[in-house]
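What follows is the residue order along each chain.
There are 2 protein chains.
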Amino acid sequence: MAKVIQKDKSTEEKILAAAKNVFIRQGMMGARMQDIADEAGINKALLHYYFRNKEQLFDVIFMQAAGQLFPRIRMIFESDVPLFEMIERFCEDYIEIISANTYLPLFVFNEINRDPAGFMKKINGAMGFPKPELFLQKIEKEIKKGTIKKISPLQLLLNLLSMCIFPFVAKPLLLVNLQLDEMQFRAIMDQRKKDVARFIIDSIKK
Amino acid sequence: MAKVIQKDKSTEEKILAAAKNVFIRQGMMGARMQDIADEAGINKALLHYYFRNKEQLFDVIFMQAAGQLFPRIRMIFESDVPLFEMIERFCEDYIEIISANTYLPLFVFNEINRDPAGFMKKINGAMGFPKPELFLQKIEKEIKKGTIKKISPLQLLLNLLSMCIFPFVAKPLLLVNLQLDEMQFRAIMDQRKKDVARFIIDSIKK
DNA sequence: AAATTTGTTAACCAAGTGGTTAAACCATTT
DNA sequence: AAATGGTTTAACCACTTGGTTAACAAATTT
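These protein sequences, in sequence, are chains A and B. Numbers 0 to 205, taken from numbering that gives the first Met the number 0, label the letters of the first sequence in order. Numbers 0 to 205, taken from numbering that gives the first Met the number 0, label the letters of the second sequence in order.
Be aware that one or more of the hints could be misleading.
Same chains, same label: a pair holds when it works inside one copy or across any pair of copies.
[Said to hold, decoys possible] Heads up, simulated DSS-like pairs for lysine-lysine below, C-alpha to C-alpha not over 27 Å straight-line:
#1 Lys43 with Lys149
#2 Lys143 with Lys19
#3 Lys13 with Lys204
#4 Lys121 with Lys205
#5 Lys144 with Lys43
#6 Lys144 with Lys130
#7 Lys43 with Lys205
#8 Lys130 with Lys204
#9 Lys137 with Lys121
Hints are computed from structural coordinates only; laboratory data are not their basis.
Sequences and hints are given; from them, build the entire structure.
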């Protein structure tokens, strides 16, 4: 029970929390090791004691962020449920996951933009990137069955991803432009779980 | 074919072109004045001769980019045409405009994220940010008339923006993950102009 | 053509930058 | 209490950063 053989992790945790904040605010390039140390309330040398250098620290933060997102997306895309249910699940789960870390999408897209090949290598090496093949197949099957309208599966996938992910990318703009606070934004996104799914299904069902 | 050896291009133009590339690749924080000078093929001191400092140079680039986007969006949102036509126009025009500069959305969202209040001040001072009020009103009117389904106007606006803008934010991911080249991406986005409008209208019309 | 203004450069600088070092601190073990 | 070994710090270092200077070259004006 109280078998805490682990060394005291409070410093490491403080560093990770601080680094996450700074990297999100400033990006990999803009982040300063001194800022991270200050935010963690420690000496800069101690950063290098726990994480050899900036890139390694960033990778830990990034993989930690990616690790809490991609595997769950993957599971949804690989689950063998009917198309409409898969759409509903994706909206529900994706928006729920990201609502706890709204910064994630912009953070991830910036990293991909900075180094697309390196990103895929990192991710695929560690956990495998979500592949939407099954989702695309399901769409084609339903079209052939005649249960949904004829539509490009790729375009439908883009629509689903867009409507779930984009509002988080645009969050700072929405907050300042529509003068929303965090709670209102959260409420809108909560409503959106059901709205997006219904919006899509309404559009494609015959 | 490299036809124009840009000797006729003025130094200022060379700087602006170089700065744009570097700022897009590296972001405001990641960009180095030396890199911009190198890419422009000039001495670093000459950069400061034309643009006093980095921030001013960035502002020029940014306002130039914003200036070719926001006024046109504004015009669409303020044009007095029926709802469905406004949706069609938005998809058509937005995707067409951005296709010529696919980097713009991510660039803009990063800047907003870096300093939301400062962004609004800059933009509103210079050109006015597109206000979707008329669009929202039109939706409510159509709902009352009973020509479209009951739907939250804000959610519908988010859907429209998401589906038009997001694919450009996600472009590097799409290219590397779906193994597309620039031409294929362009073709998909071209197809999308009509597809998104129809997708939306199919979903909301009674 | 002389004087003046504009464009361009190499060399430089102060203030950071990521990263290292050596010494100190502190909880256990001996 | 001395020794141990992981943790933390102040001081430091080599290098990069944005920005400046002073001299020079090329137009432009007189």
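Now for the hints, and whether the structure bears them out:
1. Lys43 with Lys149: Intra 59 Å, inter 56 Å, cutoff 27 Å: neither.
2. Lys143 with Lys19: Classified as neither: same-chain Cα gap 47 Å, cross-chain 47 Å, threshold 27 Å.
3. Lys13 with Lys204: Cα proximity of Lys13 and Lys204: none, with 50 Å in one copy and 52 Å across.
4. Lys121 with Lys205: Classified as neither: same-chain Cα gap 42 Å, cross-chain 47 Å, threshold 27 Å.
5. Lys144 with Lys43: Classified as neither: same-chain Cα gap 62 Å, cross-chain 64 Å, threshold 27 Å.
6. Lys144 with Lys130: Within one copy only: 24 Å inside a chain, 43 Å across chains, cut-off 27 Å.
7. Lys43 with Lys205: Classified as neither; 62 Å inside a copy, 62 Å across copies.
8. Lys130 with Lys204: Within one copy only: 24 Å inside, 33 Å across.
9. Lys137 with Lys121: neither (29 Å within a copy, 47 Å between copies)
Violated hints, in rising order: 1, 2, 3, 4, 5, 7, 9; the structure is consistent with all others.
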